[in-house]
Each structure stands twice: as C-alpha cells, then as structure tokens.
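K.L.:
Residue numbers (my numbering), protein chains in the order written: chain A, 11 to 213; chain B, 138 to 545.
Some clues are possibly wrong.
Stated by the list, open to error - Now the stretches of chain B that chain A is said to cover, found in silico as 3 or more residues with beta-carbon under 8 angstroms:
id, stretch
1, 197-204
2, 207-216
3, 231-237
Since the hints were made in silico from the structure, they are not lab data.
C-beta: ideal position from N, C-alpha, C; glycine also.
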Amino acid sequence: MELTRIQMDALSEIINIGVGKGAAVLNKILNSHIQLRVPLVKILDSTELINELKEMGNDKLSSVNLGFKGTLYGTAQLIFSSENASELVATVTGEDIHNLSMDDISFMRSGTLSEIGNIVLNSVMGTFSNMLSLPLHFVVPGYIEDYASNLYFKMVEKNTAILLAKTQFSVEKLSIHGDIVLLFEVPSMDVLIHRIDQYFSQV
Amino acid sequence: MDIFKLALEKFDVLNHTPVGMVVINSEYQVLFWNQCIEYWSNKHSNEILGTSLLSHYSHLNTDRYLSRIETIFEGGPPVLFSTHLHQYFIPCLLSNGQWMNQNTTISAFPSFDGNGHYALIAIENVTELTQRVFEYRQMRDKALNEIKQRELAEKEKEKIQAQMLRAQKLESLSVLTRGIAHDFNNQLMGILGNASILKQLVPQDSTLIKYVDKIQQATLKSADLTKQLIDYTGKSKIIANFLNFNQVLKELKPIIDSTVSPHIIVNYELEKELPDVKADTAQIEKVIMHLVTNADEAIGNQSGLITIRTHAKHFSKEELFNAHIEMKLQEGFFSYFEVQDTGHGMDDNTMLKIFDPFFSTRFIGRGLGLTMVLGIVQGHRGTILIESTPQKGSCFRVLLPSQVKKPA
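Excised from the complex, chain A in its bound form:
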C-alpha cells in the first residue's frame, strides 16, 4: 500500500501526539521520568514486519495487544525484545532484574508491561479516535510472549496492512527501544487514509 508523503507525515504526527500523551500519563504514575518519541513510521506487509522485528533479536518478544473495532478493525500492539522488556520493568519497578528468576520476571513483565502498554496504546488509539473522529470499541488488553514468526503467522496469509511506529523509551539514562505496531484490515486502512485526507482538507 502506497501512501503519499503528506499522509505519512499525518500518521507520524498523530502517533507522536498519542505517544506524547502516553508519556505524560506514565510520568504521573511512575517515579522515573520517561520520554517517548517516535522517530520512524512506515507501512509494511507481514513478511516485512517479521524481518523488521527480527532486528530485536532471536528471543521471544513481549507484546501488549489492544484490539479495536468499529469504524476501523484491527489490533494495536506495543512490542519489546525480551531484554528491553526486562530492563523497562526493572527500571519502573525499581527491581534488580539480575536478581530475579525467569518466573519472577515473567510475572512482573506481564503485569507491568500490560499497564505500560495499555497507557501508551490507549493514548495512541484515543488520539486516532479523537482527531479523526473515528468511534472505536476496544477489547480488554492482552499480553503475549512469543517469537515474531508465531505472533504474525496468521497474517502472512491474510492481506493485512501494517503500520509500524518505532518508539524510543528514554527512562532517565536508559534508552529502551519498543515498537508500536498497528495492524489494520485493508478496508480499515482505506478508511483511515480517507479520514486523514478529510482531516487535512479541513485544516
């Protein structure tokens, strides 16, 4: 799917605004000062996404998923590599990950990352919904740990449009990379693009 430069800029801006709101909420609830920025947004297909996520390493990925339906159908995800997930959890909870067992890390990861992901994804999807006047219904967020190929194997066959926003979490001196992935069914992507064009024609 080809998007014009203006459409891509608009998507970047909306995601950046959403992520900024997410950072503001995170700062309220966490003791650490968190900065979030989205340096890159791109449209991919599932194979390209899997290749992109492989850059995070060969370990399992930690993914917080927020399903949505309504004018748009799809799933918003916040994905971290195993190592980055543990570091982020350790930083915000003040636990030393080197002193934790895999069970501890897993339990803490699922709880803490679900909430962090929930905050970021809610802000991003809320911004989409508000700015583009897209009424959406959301399902309760879920947390999955799995390999990239397993996370997206169903989509390889389906024709899914994917919006990838590379997100940088800066927590004090620590810089953690996480990816926001928005998976849309193609008709939804068309709706989204149409709304973006409408929005900018009004501005």
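Mind docking chain B on chain A? Use the hints.
P.N.:
Frame of chain A; chain B shown alone:
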C-alpha cells in the same frame, strides 16, 4: 425505575463471580458494588451505593488515577492498573493483616440513558500469586545464600588444609631450627667465653690479639644470626609494651630516610588518632626496617616511591581470609602499618613462597628476612596482608590487634 435497582438487575450476574466488580458513573457515584468486593472490602453495598467512590477511597482522587479513569467515561479503551505499579485499587485487608494485591481493569460500559459511559471496574485478587512469587524469591535467595556459604566453607577448608600443611612444614623446620639455634648458641657461648679468656691471657701487644678480636666478632655475628633463626620460629622472647606505630615510625624516620636510596622518595601518611598495640618495640622496628629495605630493593636503581601508612579499622573474617599467617585470626579491630613500593612487584607463584626460609629472589639475601618478619608478627598474634602486581609494586600491611589502654 430507580437507577440502583436497574443497575442491580443489569449487573446481577456479576454478583456470582469471584472478582470484585464495581460500576460508577461519570460523577464517580457508585451504581453497583458486587458481593465479592463487599466481602473483600468489608463495606456493605448499603453504605456505598449512591455515594462517591472518591469520598471512600481518597487515594483515587489523584491525577494518576483520575486522568486515566476520565477517558473511560468518554468511551476510551480499557485501563489497567497492575499490582506492581499500584498494589491495590480498592484497599482490602486480608485476615493476616496484609493488604490484598489487585490487578484492576476498567472498561467503558454504555450508560443506561445512552449519554456517555459508565466505568465497569473489575478487581482481581492476585495476592496468592504475588505471595507465591515472593515466597519463591525468598526460597531462591535462601538457597543461593546456602550455596554461597557452602562455597565459602569449601574454600576455607581448602585454605585451612593448605595452611595446615604449611604450618606442619614450618613447625618441623621451626623445631629443627630452634634445636640447632639453641645448641649452636651454646657452642658460640663457649667460643666467646674462651676467646675472652684467651684475650686476657695473650699479652696486649701481641700480634695474636687481632685474631682473637676476629674470633669474637665472628662469634657475635653468628650469635646474631642465631637470634634471627629464633625470631623466625616466632618463639623469641617478646617484651611487650603499649606501643604506637606512629611513635615508632617517627623515631625510625631518620634511620629510614638515611637507609633508603637517594633516588627514592619516602612518603609518610600517618593516621592521627591511631590506637596503640601491645608489642615489643625492638622487634617491630626490625619488621619496619626490613620491609623498608625490601621495598628499596624492589624499586632497585630506578626512581620510585615508598609510602609508609598507618591506620586502624575493623577487619572482617573475609578480609582476614587471605592473611599470611597460619593461626586462625578472629575478626576485630586492628591497628596496622603498611609499606607500599612502586617496585617490580611479584607474581602469584612468588607470593606463595616469600615467607619460606631461605627463599630469595636476590643473590645477596640469605632469604631469612621475611621469614623473620612473619615469625615476629605471628609471635605478636598479628598478621600480614600483601597486595602485589608485577611491574607495579607491592604493599605489605602488618596488622596487630588494637589495644584500649586502661586508665591508670
């Protein structure tokens, strides 16, 4: 119909779930309070229905909660509160006096009048899971600690075995040396006594006098060597007094400065309030002088620095573990002096042998100097700690138990 009755009718099924369920409107007024949360919070629905949730639980009346809950009334995505970041949403006291750990999910539910949304709050009790993880962590920490202790004990056992072997070796050598030194000393006394008589019998202007003098000098030197052998055994007589390392070093300073090669700088860093030790001044002087000479020789012909420090501190069992002494020392407060040089340093192999009698890295030495140092320190129930890095230098630290002088 009354809104609370309507809420009860709509949400009655939630009274049968093992999850705390609460419904509030955008004014935070409680519309539904299920039986589970009633039981957990010990707050009956009659007390809370129709009132503001914030008036009961003031911690919720903060931006960190409100800013997120507000989005729900606008139909926003579900909001999670994890127990790791917020221990509980509704404080519930457990029978053991602890607060319940909760994971809370708040979802938007269309309001009955179709105008906005209610917040449907689902509270999950994760205390047991959190407790299990906590117990697991405690168990793991305990196990790790036991393994560490076992490793430490194993290491200590190996060290004790090595020390015992060394002690046996040195003890045999010590017995032999003591025996020889004693017998040899007796013989020397005989020679010295007879040389004295001979000196009286030989006319003072005789050319033989100078040979008698040489016999006497050689005998005295041999007696001194015998004394060193006895010192090495750590069995030489100690005339112990309260002594302060700073004082000894101040008195020795002129001798040290004149002994050390001119191209070497001697630096003194003496602790102001240094506790006394109980020791034989003459023997401690010997130890200091020997260590300084050793440092001087380690630096050799190059320019360098010798630093002599005094200090006092508590030494733990772990710190004393690598001490060069055969007897087991208890942890405690020690006064010490150390002689640090910027000389050639030693490798591990050399470090293991330096206290062995007659071991020397120099041709000119007899290899008894450090053996004597160890014997004296051991005789004072002290110890020696050594740090050395090849090409960088060595530091010999002599520790004696600190003494608190009783008022006269």
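K.L.:
Determine for every hint whether it applies to the structure shown.
P.N.:
How the hints compare with the structure:
1. 197-204: holds (count 3)
2. 207-216: Held - the stretch 207-216 of chain B has 6 residues with a Cβ nearer than 8 angstroms to chain A, which meets the minimum of three.
3. 231-237: n = 0 at 8 angstroms, threshold three: violated.
Of the numbered hints given earlier, the model fails hint 3 alone.
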